[in-house]
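*Asks:* Letter by letter, the chains look like this.
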Amino acid sequence: NAGVTQTPKFRVLKTGQSMTLLCAQDMNHEYMYWYRQDPGMGLRLIHYSVGEGTTAKGEVPDGYNVSRLKKQNFLLGLESAAPSQTSVYFCASSYVRGRLYEQYFGPGTRLTVT
Amino acid sequence: LAKTTQPISMDSYEGQEVNITCSHNNIATNDYITWYQQFPSQGPRFIIQGYKTKVTNEVASLFIPADRKSSTLSLPRVSLSDTAVYYCLVGDGRGSTLGRLYFGRGTQLTVWP
Numbered sequence: 001n002a003g004v005t006q007t008p009k010f011r012v013l014k015t016g017q018s019m020t021l022l023c024a025q026d027m028n029h030e031y032m033y034w035y036r037q038d039p040g041m042g043l044r045l046i047h048y049s050v051g052e053g054t055t056a057k058g059e060v061p062d063g064y065n066v067s068r069l070k071k072q073n074f075l076l077g078l079e080s081a082a083p084s085q086t087s088v089y090f091c092a093s094s095y096v097r098g099r100l101y102e103q104y105f106g107p108g109t110r111l112t113v114t
Numbered sequence: 001l002a003k004t005t006q007p008i009s010m011d012s013y014e015g016q017e018v019n020i021t022c023s024h025n026n027i028a029t030n031d032y033i034t035w036y037q038q039f040p041s042q043g044p045r046f047i048i049q050g051y052k053t054k055v056t057n058e059v060a061s062l063f064i065p066a067d068r069k070s071s072t073l074s075l076p077r078v079s080l081s082d083t084a085v086y087y088c089l090v091g092d093g094r095g096s097t098l099g100r101l102y103f104g105r106g107t108q109l110t111v112w113p
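Protein chains in written order, with the working numbering: chain X, 1 to 114; chain B, 1 to 113.
Bound conformation, chain X alone (with noise of 0.2 angstroms):
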């Protein structure tokens, strides 16, 4: 099993430029997550799912947005990008055990708006 895998691992883009960041996951997880962390910073969730063809904000969902049509794919966009998404972007999955969650992360897409 890959797990979960992003794509791209690197982008630059200009100010007013968009992009679309793919998450896929192989473990027929429900839950999907977006995180961004920056230097020196813990993890913040922008968007996150519990199910296909749902979506909810997080903490700081202002300048994205996502799309989950297929239970393995969580997509972030973005559709005008800013400096202050300079980030590192980590997706996530996880399953549900009774009480208990796990969260398992992708390898991070690291994002540079100039």
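Calculated from the structure, these hints are not laboratory results.
Only true hints are included.
25 angstroms max Cα-Cα, derived SDA-like pairs, lysine to any residue:
id, chain 1, residue 1, chain 2, residue 2
1, X, Lys70, X, Asn28
2, X, Lys57, X, Arg110
3, X, Lys9, B, Val85
4, B, Lys52, X, Glu102
5, X, Lys71, X, Gly53
6, X, Lys9, B, Ser41
7, B, Lys3, X, Val88
8, B, Lys3, B, Tyr102
9, X, Lys9, X, Asn65
10, B, Lys54, X, Glu102
11, X, Lys71, B, Arg94
12, B, Lys3, X, Val96
13, X, Lys57, B, Arg45
14, X, Lys9, X, Pro83
15, B, Lys3, X, Thr55
16, B, Lys3, X, Gly42
17, B, Lys69, B, Asp31
18, B, Lys3, X, Val50
19, X, Lys9, X, Met27
20, X, Lys70, X, Glu30
These numbers were taken from a predicted model, which means no experiment stands behind them.
Given the structure of chain X, go ahead and fit chain B onto it with the hints provided.
*Replies:* Same frame as chain X, now just chain B:
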């Protein structure tokens, strides 16, 4: 969901036992306590999870007192490869509460030779 408080950084030497404490005063009855490890340029990795008392696996132990307002991650005999950021996370894992997941800044553990 309960927010957590951890020390920003800790230092240790190889072979020592390291204990990292996390404070979560507002933990709810249904919440579990989960710890993650993150190496530079990688995504976090699940280490251990518990609800009360003590949990042990091949990597670490997790001690949770009766009032559950704090927890301690214990790493036995650390090595240089344990140098990483450790995050404490509290939550019940239900879909309705996922939007309030809080990783915080974590604890940077540096192990010296």
